[in-house]
Amino acid sequence: MSTAFATTELRSPVDPMLPRLATIQGVKPEAYGISTFSMNFVDPVERAAFRFQPGQFNMLYLPGFGEVAISISSDPSTPEMLGHTVRYAGSVTRAIGRLKPGDTLGVRGPYGSHWPMNSQAGTNLVIVAGGIGLAPLRPVVLSVLRRRDYYGRVILLYGARTPADLLYTGEFDAWRAGGIDVHVTVDLADENWKGQVGVVPQLFYRIRVDHKNSVVLTCGPEIMMRFVIYEALARRIPKEAIYLSMERNMKCAVGFCGHCQFGPTFICKQGPVLNYAAIEPFFGKEDF
Amino acid sequence: MPPNLPRVSASVAMPKPALQRVFDNLRTARFSLIGPTVREGAIVLEEIERLDDLPFGWSDQQEPGRYRLKKVPDREAQYFGFSVGPHSWKQFLHPPRLRLLSSEKTNGNWVFRAPQEPPPHYAFIGVHACDLAAIAIQDRVLMGSEFRDPHYAARRENVFTLAVNCGQASTSCFCASMKTGPKAVSGFDLALTELPDIFLVEIGSEAGSEMLREVPWEAATAFDLGRASRVIQRAEKQISRQMQTDDLPDLLYEHLEDPHWDEVGARCLSCANCTLVCPTCFCTTVEDTSNLRGTAAERVRVADSCFNRDFSHVHGGNIRPTIKSRYRQWLSHKLGSWIDQFGTSGCVGCGRCITWCPVGIEINEEVNSIRAKAAQ
Numbered sequence: 001m002s003t004a005f006a007t008t009e010l011r012s013p014v015d016p017m018l019p020r021l022a023t024i025q026g027v028k029p030e031a032y033g034i035s036t037f038s039m040n041f042v043d044p045v046e047r048a049a050f051r052f053q054p055g056q057f058n059m060l061y062l063p064g065f066g067e068v069a070i071s072i073s074s075d076p077s078t079p080e081m082l083g084h085t086v087r088y089a090g091s092v093t094r095a096i097g098r099l100k101p102g103d104t105l106g107v108r109g110p111y112g113s114h115w116p117m118n119s120q121a122g123t124n125l126v127i128v129a130g131g132i133g134l135a136p137l138r139p140v141v142l143s144v145l146r147r148r149d150y151y152g153r154v155i156l157l158y159g160a161r162t163p164a165d166l167l168y169t170g171e172f173d174a175w176r177a178g179g180i181d182v183h184v185t186v187d188l189a190d191e192n193w194k195g196q197v198g199v200v201p202q203l204f205y206r207i208r209v210d211h212k213n214s215v216v217l218t219c220g221p222e223i224m225m226r227f228v229i230y231e232a233l234a235r236r237i238p239k240e241a242i243y244l245s246m247e248r249n250m251k252c253a254v255g256f257c258g259h260c261q262f263g264p265t266f267i268c269k270q271g272p273v274l275n276y277a278a279i280e281p282f283f284g285k286e287d288f
Numbered sequence: 001m002p003p004n005l006p007r008v009s010a011s012v013a014m015p016k017p018a019l020q021r022v023f024d025n026l027r028t029a030r031f032s033l034i035g036p037t038v039r040e041g042a043i044v045l046e047e048i049e050r051l052d053d054l055p056f057g058w059s060d061q062q063e064p065g066r067y068r069l070k071k072v073p074d075r076e077a078q079y080f081g082f083s084v085g086p087h088s089w090k091q092f093l094h095p096p097r098l099r100l101l102s103s104e105k106t107n108g109n110w111v112f113r114a115p116q117e118p119p120p121h122y123a124f125i126g127v128h129a130c131d132l133a134a135i136a137i138q139d140r141v142l143m144g145s146e147f148r149d150p151h152y153a154a155r156r157e158n159v160f161t162l163a164v165n166c167g168q169a170s171t172s173c174f175c176a177s178m179k180t181g182p183k184a185v186s187g188f189d190l191a192l193t194e195l196p197d198i199f200l201v202e203i204g205s206e207a208g209s210e211m212l213r214e215v216p217w218e219a220a221t222a223f224d225l226g227r228a229s230r231v232i233q234r235a236e237k238q239i240s241r242q243m244q245t246d247d248l249p250d251l252l253y254e255h256l257e258d259p260h261w262d263e264v265g266a267r268c269l270s271c272a273n274c275t276l277v278c279p280t281c282f283c284t285t286v287e288d289t290s291n292l293r294g295t296a297a298e299r300v301r302v303a304d305s306c307f308n309r310d311f312s313h314v315h316g317g318n319i320r321p322t323i324k325s326r327y328r329q330w331l332s333h334k335l336g337s338w339i340d341q342f343g344t345s346g347c348v349g350c351g352r353c354i355t356w357c358p359v360g361i362e363i364n365e366e367v368n369s370i371r372a373k374a375a376q
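Protein sequences appear in the order of chains A and B.
Under the working numbering, the first residue of the first sequence carries the number 1, and numbering increases by one thereafter.
Under the working numbering, the first residue of the second sequence carries the number 1, and numbering increases by one thereafter.
Everything labelled a hint here was simulated from the structure, so no lab data went into it.
For glycine and all other residues, C-beta sits at the position ideal for the given N, C-alpha and C.
Some hints here could point you the wrong way.
In silico contact screen, one side only, chain B against chain A (beta carbon under 8 Å); selected entries [stated by the list, open to error]:
#	residue
1	Pro17
2	Gln20
3	Phe92
4	Trp110
5	Phe147
6	Val286
7	Gly294
8	Ile319
9	Ile323
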């Protein structure tokens, strides 16, 4: 591991586009084409000062390749070591995929809104994730485990296309042991799969929710979230108790580049976690 | 000679050739003068030095999709007898190409450096009221939130603004509807009204007053003030185009699926001209380059447009693959969601998007069409 510090020369007191240097400390393959990269800031002051909330994201920068917005998927109570679960989808994420422990990259953040973790004591949480949508919700699960008594029932509904696409499967037993009711499904099973087959919203049929005292937190493909909202509303969960995390093209994460607009919201600032009641007029509009 | 400078908010009369002295004072104060000049058949904004560089005796004719310069008869010749052209001041405050970052790999570690060039000192000569409003809007977008764009802020803080009250309106203009003009009311250091024999100069700031050092001026007479206000009234009367705004943004939010978007989407070429000429459109993207060994890299911010196809690209495709969806994004943002985001419309009524649209799409008419269908 290197000990050299980045010399960041600021022209004005704060340049929000200037990344800080971080070092890869570990790479853990999670699923086909998806790995979790653990990293920490090289500057010990930066490392000690960094805090984030579940659902927030960082901009990861590889010089010459570009920058991508990636959710922080690690435990918010240990912010000195940051985990980012990355799917190799484009040129930047594929370049990140070639990084090895000891390599450096640029990180700036944290950005965006976070999941509502401080609703009333005893509130039930229904966490619904599809595919890599579990990455921004993993900090929720880890935070819940640290103070499980604060919440009522906590249910995780999770699914992916195939069993090979499921994330964090090695942690599910610990999550169940910690008092989280984990339900898993796949769209397409293989010969070794003994669990549920079907799309994620169908998992609602396996649970009972108290509509008066439950909050739904969902992240996944927009089409999945549409039907999650549909199932939640059908169970009389109010719109105001449904939160979703959205994705849009993003170049700056500070509201300057204009790319991530979704109606009146900038996904980088008011999002990525949005209350459904606030965006209902825009959600699901074709090509919006 | 004792300094004899007018006080702030005073109006003074100045012989027209004395404007050169103001230019000289600005240049002595280390400002680069940016002003209107004739180039390639249009009145554009670039660095100027002398009164002769201004488009004296030129005027413009604008229609949807059409812009032509014309010479006016000598006895009507003016320095500022034209409406806004294809350029706006955003190209100086929010440059279309700007280096954000240089990275270098030393001993296996990246080192990031922000650019160190000192920001330019611009004096903007001949800013119309609509463009003053546009600058105020970009201030809110790029400096008004918890984040500040340091590049914009550094340029903006240095700017000297010499505004010009409009003496004529083009057929594309609708500043009166957007309540941004034709008179410049704030946000300037000096504001001129051009009369046949003199400039009437309104002093907007101490810095503006300072630039009248050694300039022959006299207190404006009631006659001068009356003539100047009639010049502005004439411009206001010439404005025929109207934009109704009292039902925005709700009208657009409630009609995002109106069939009219298909109709305008079929006419729009998605060429992005409107976003380039718009003085408030601020979207950018970044370009990353590196040397062949991958040991040095640059990040450059470049102007972008919501009409570009990959603007909304995410893994798996574009959010807005159709021209209809991109036009809807532009218009519903400009006139609608901008209000929710920044507390002001994104439109100042300068009319550039109408004049420079190759197929002559008129932004106010598109809103009218949606409103008319909504009323049915």
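Which hint numbers doesn't this structure obey?
-> 1, 2, 3 and 9
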